[in-house]
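Fit chain B with the ligands to the given chain A structure using the hints.
Protein sequence lines, in the order shown, are assigned to chains A and B. Read in this note's numbering, the first sequence has 208 at position 208, and its numbers run on one by one without any break. Read in this note's numbering, the second sequence has 47 at position 47, and its numbers run on one by one without any break.
If you're looking for bench data, these hints aren't it; they were derived computationally from the structure. Some hints here could point you the wrong way.
Straight-line Cα separation of at most 25 Å, BS3-like style, residue types lysine-lysine; simulated pairs [what the hints assert, rightly or not]:
(1) B/29 to A/56
(2) A/105 to B/29
(3) A/6 to A/72
(4) B/80 to B/38
(5) A/6 to A/56
(6) B/139 to B/38
(7) A/198 to A/56
(8) B/306 to A/198
(9) B/29 to B/80
Just a sample of chain A residues kept apart from chain B, beta carbon distances all over 10 Å, derived [claimed, not checked]:
(10) 41
(11) 94
(12) 112
(13) 171
Keep in mind that this is a model prediction, so the values were computed, not measured. Ideal placement from N, C-alpha and C gives every residue a C-beta, glycine not left out.
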Amino acid sequence: MKRPIKAALVFGATSAIATAYCRILASRGAVLHLVGRDHDALQNLAGDLDLRGATKVSVAVADLCDTEQHKKLVTEGWESLGEPDLALLAHATLGSQSEGETDWKQQRTLIQTNLISPLSLLTLLANRFEQQHSGCLAAISSVAGDRGRPSNYIYGATKAGLSCYLGGLQHRLAATGVRVLDLRLGPVDTPMTAGLSKGLLWSTPERVAHAMDGKLARHHGTVYLPAYWRPIMGVVRVLPDILVQRLGI
Amino acid sequence: MDRSTYGWGGVSTGTPAYTFAPTSVRDLKQIFSSGEHKSFLGRGLGRSYGDCALNTDGALIDCRFLNRLLSFDPETGILKCEAGVSILNVNRLLSTTGWMLPVVPGTQWVTIGGAIANDVHGKNHVQEGCFGAHLIALKLARSNGEVFDCSLESNNELFAATIGGLGLTGLILSAKLQLRRIQSLTMKARRIPFDQLSTLFSLADEHFEAWEYHSVWLDPATGCRKGHYIMANHSQRQGNLTWPAKRRIRFGVMAGFPSDLPGRLVMKTGNLWYRRGIRSGAQETTADAVLYPLDRLPDWNALFGKPGFFQHQSVLPTAVAESALDELLSVIETSGQRVLLAVGKWFGPRSSPGLMSFPVPGFSIALDLANHGTKTHKLLDTLDGVVADCGGKLYPAKDARMSPTLFTSGYPKLEQFTQQHDPLFASDFWRRMEQSG
Ligand SMILES: Cc1cc2nc3c(=O)[nH]c(=O)nc-3n(C[C@H](O)[C@H](O)[C@H](O)COP(=O)(O)OP(=O)(O)OC[C@H]3O[C@@H](n4cnc5c(N)ncnc54)[C@H](O)[C@@H]3O)c2cc1C
Ligand SMILES: NC(=O)c1ccc[n+]([C@@H]2O[C@H](COP(=O)([O-])OP(=O)(O)OC[C@H]3O[C@@H](n4cnc5c(N)ncnc54)[C@H](OP(=O)(O)O)[C@@H]3O)[C@@H](O)[C@H]2O)c1
Numbered sequence: 001m002k003r004p005i006k007a008a009l010v011f012g013a014t015s016a017i018a019t020a021y022c023r024i025l026a027s028r029g030a031v032l033h034l035v036g037r038d039h040d041a042l043q044n045l046a047g048d049l050d051l052r053g054a055t056k057v058s059v060a061v062a063d064l065c066d067t068e069q070h071k072k073l074v075t076e077g078w079e080s081l082g083e084p085d086l087a088l089l090a091h092a093t094l095g096s097q098s099e100g101e102t103d104w105k106q107q108r109t110l111i112q113t114n115l116i117s118p119l120s121l122l123t124l125l126a127n128r129f130e131q132q133h134s135g136c137l138a139a140i141s142s143v144a145g146d147r148g149r150p151s152n153y154i155y156g157a158t159k160a161g162l163s164c165y166l167g168g169l170q171h172r173l174a175a176t177g178v179r180v181l182d183l184r185l186g187p188v189d190t191p192m193t194a195g196l197s198k199g200l201l202w203s204t205p206e207r208v209a210h211a212m213d214g215k216l217a218r219h220h221g222t223v224y225l226p227a228y229w230r231p232i233m234g235v236v237r238v239l240p241d242i243l244v245q246r247l248g249i
Numbered sequence: 001m002d003r004s005t006y007g008w009g010g011v012s013t014g015t016p017a018y019t020f021a022p023t024s025v026r027d028l029k030q031i032f033s034s035g036e037h038k039s040f041l042g043r044g045l046g047r048s049y050g051d052c053a054l055n056t057d058g059a060l061i062d063c064r065f066l067n068r069l070l071s072f073d074p075e076t077g078i079l080k081c082e083a084g085v086s087i088l089n090v091n092r093l094l095s096t097t098g099w100m101l102p103v104v105p106g107t108q109w110v111t112i113g114g115a116i117a118n119d120v121h122g123k124n125h126v127q128e129g130c131f132g133a134h135l136i137a138l139k140l141a142r143s144n145g146e147v148f149d150c151s152l153e154s155n156n157e158l159f160a161a162t163i164g165g166l167g168l169t170g171l172i173l174s175a176k177l178q179l180r181r182i183q184s185l186t187m188k189a190r191r192i193p194f195d196q197l198s199t200l201f202s203l204a205d206e207h208f209e210a211w212e213y214h215s216v217w218l219d220p221a222t223g224c225r226k227g228h229y230i231m232a233n234h235s236q237r238q239g240n241l242t243w244p245a246k247r248r249i250r251f252g253v254m255a256g257f258p259s260d261l262p263g264r265l266v267m268k269t270g271n272l273w274y275r276r277g278i279r280s281g282a283q284e285t286t287a288d289a290v291l292y293p294l295d296r297l298p299d300w301n302a303l304f305g306k307p308g309f310f311q312h313q314s315v316l317p318t319a320v321a322e323s324a325l326d327e328l329l330s331v332i333e334t335s336g337q338r339v340l341l342a343v344g345k346w347f348g349p350r351s352s353p354g355l356m357s358f359p360v361p362g363f364s365i366a367l368d369l370a371n372h373g374t375k376t377h378k379l380l381d382t383l384d385g386v387v388a389d390c391g392g393k394l395y396p397a398k399d400a401r402m403s404p405t406l407f408t409s410g411y412p413k414l415e416q417f418t419q420q421h422d423p424l425f426a427s428d429f430w431r432r433m434e435q436s437g
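The shape of chain A in the complex, shown without the other chains:
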């Protein structure tokens, strides 16, 4: 089913990419329910979206690693939005590959934030949307999950798990009118990547959000954002192992 997104439930709303996308929705007068872990940042964002034209913005504060709270958070989302057209999962953490290699605790945080937390939320959200027979369920994944590479396989593994789960969900819900999207992003200049050297293929939150907007209203399945990552990852996936090692990518 294709319908414009008028009511959206956003997890990790203060992330730069989610914020940029919420601003697009706000400028069209959408109703938004934002979930994040910092109260002040969420309040500031709510004020910003309000000024940009959102019809109503509500917020909920939670550490999304605390899966115990997910049920309540989802219920609250439905309470403030009625029947949401979209639930977007944007929270994650990048960690440091080199530190993670010798620090299991860091790896575990990554797995909790980027995989366990979204899967718990997706479980609840999928069932709500299934009952509703409409809506769009989307999570931000990454091209890092397309192939295990020495430079980021810990983060990559969490995103690969997320993408695989979304793929399955999409097929499960195909007949129900619920669309599931795996938004596979290339590198974006955001707080998560502060300090990393930015190259030609990097995008900005605004550009990615604009591209996301085009996809979220009608598509389903895996979308690469920006679109040039589909052919690039097509190549990266089939690169011979020896090259991946040599290039250290």
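Frame of chain A; chain B with the ligands shown alone:
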């Protein structure tokens, strides 16, 4: 390449030990209390030419994502926003309400935090003063974790030190600003060509009353002795208030190119176009064309590649401005080096609350020079001599090499300022000024 390791002019470089982009006060407090960093510095959109937004080996706090508008009252024109909001976004989002920032620099890619930290000026300084003159309050986070609300009424010393404070008093979190009303984005502009410096100064005297915005383009092909005087006013008739969304030509990929030739060619073409494009008499134009002529090519600085370029912006006190300008231009002529771009503005008597603000009444001249190494450094030092002799000063936002002596002589409230300095905030510029300063 990582732009946060370069000044806009490309000459100053400095790699921070750590770059961090907070989106909340909680994030900030975390890095302040981690004890892992020897110094901190906020950074906006990196439009300062030299090293005032660089912090080699310290922690750089990228403020671009503290970019939320907090509130806006369309009755009073009072805007509250976070420090990383860009002037471009204020223009885009609020012009439709009939309000605009009263003072803006020559580019929209500047954050509110950066505009405060350099207490930026516009082409209407004579009438409106600096950015700080329209700042009602600001919120500042210090490295000890404290957050201060500062205004003329409370924490006023910190307020005064932060305006023009080069990011050294702490991290500006948000600001409360008074905007000005506009009827439309249409402007009336007038250009008058002049063929000697004395005419330029008499033109100014003649037109200050009737026009708000004043700027001067000096033609490098004439040794900067001829040029155009440009004046503009907001149209008083109601009209279009939608900020134009323009396609822009981008050059980011040229950063790191081994030569500055593309940059020099583009500047030459620009000057040529400017010389030809003359239309005197009043004409209708738009606010973005008058206020941000260089924004058509947003990352034009990349065209100067690895060598980069310098900008020497001084203010020459009114009484001696004409003779001092004449001397600056003669020095350049004698050196045999060519100015790439020369633009001038006037500063009026309206004072800013900022202790370290650059403007004093007089004529301010910005001279862009290609980087030819020692030869250019020598020329710049000689120019400094002229500025010092006439009682003038240089603008830190544009500086990559002035001496601590010139800095100290230009900023008489330096000592008062130093008392408000956050002990853990520092920049490459500041360390350079402290050397033998
Ligand atoms: C094409 C062009 C035209 C220009 N025209 C003018 C002009 O007409 N008039 C004028 O005055 N200037 C002009 N400038 C200079 C520019 O306005 C200033 O350098 C301005 O400070 C840049 O803002 P920024 O956001 O890029 O800050 P940056 O350059 O990143 O930083 C500037 C300073 O602000 C500090 N800072 C930034 N954010 C914060 C924060 N949140 N808290 C504390 N400190 C902070 C930094 O530490 C640094 O000291 C021009 C620059 C360009 C490139
Ligand atoms: N940037 C890239 O290059 C890139 C590339 C591919 C995919 N992505 C994905 O894009 C999404 C958005 O990231 P971004 O780039 O916009 O980075 P970001 O601004 O750093 O956003 C990450 C967000 O996740 C939130 N978060 C982390 N742990 C949390 C927790 N336990 N509970 C609640 N919230 C938590 C953070 O909240 P706080 O603000 O409170 O810390 C932050 O808002 C992520 O899923 C990321 O993996 C990014």
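Verification of the supplied hints:
Annotation: proposed proximity of residue 29 of chain B to residue 56 of chain A is violated, straight-line Cα distance about 31 Å (limit 25 Å). Between residue 105 of chain A and residue 29 of chain B the CA atoms are separated by roughly 23 Å; this keeps the pair inside 25 Å, and the hint holds. Between residue 6 of chain A and residue 72 of chain A the alpha-carbon distance is near 22 Å, which keeps this suggested pair within the 25 Å criterion. Of the supplied pair hints, the one linking residue 80 of chain B and residue 38 of chain B is violated, its CA atoms being roughly 32 Å apart against a limit of 25 Å.
Between residue 6 of chain A and residue 56 of chain A the alpha-carbon distance is near 11 Å, which keeps this suggested pair within the 25 Å criterion. At most 25 Å may separate the alpha-carbon atoms for a hinted pair to count; residue 139 of chain B and residue 38 of chain B meet this at roughly 23 Å. Simply put, residue 198 of chain A and residue 56 of chain A have alpha-carbon atoms about 36 Å apart, too far for the 25 Å limit, and the pair is violated. Proposed proximity of residue 306 of chain B and residue 198 of chain A is supported: the alpha carbons are some 17 Å apart, at most 25 Å.
Proposed proximity of residue 29 of chain B and residue 80 of chain B is supported: the alpha carbons are some 22 Å apart, at most 25 Å. Its closest Cβ contact with chain B, about 4 Å, brings residue 41 of chain A to no more than 10 Å, contrary to its assignment away from the interface. Residue-level check passed: residue 94 of chain A sits 12 Å from the nearest beta carbon of chain B, beyond 10 Å. Non-interface call for residue 112 of chain A relative to chain B: holds, since the shortest CB-CB distance, roughly 19 Å, exceeds 10 Å.
For residue 171 of chain A, the condition that its CB be more than 10 Å from all CB atoms of chain B holds, with the nearest at approximately 36 Å.
Checked against the numbered hints given earlier, this structure breaks hints 1, 4, 7 and 10; the rest are met.
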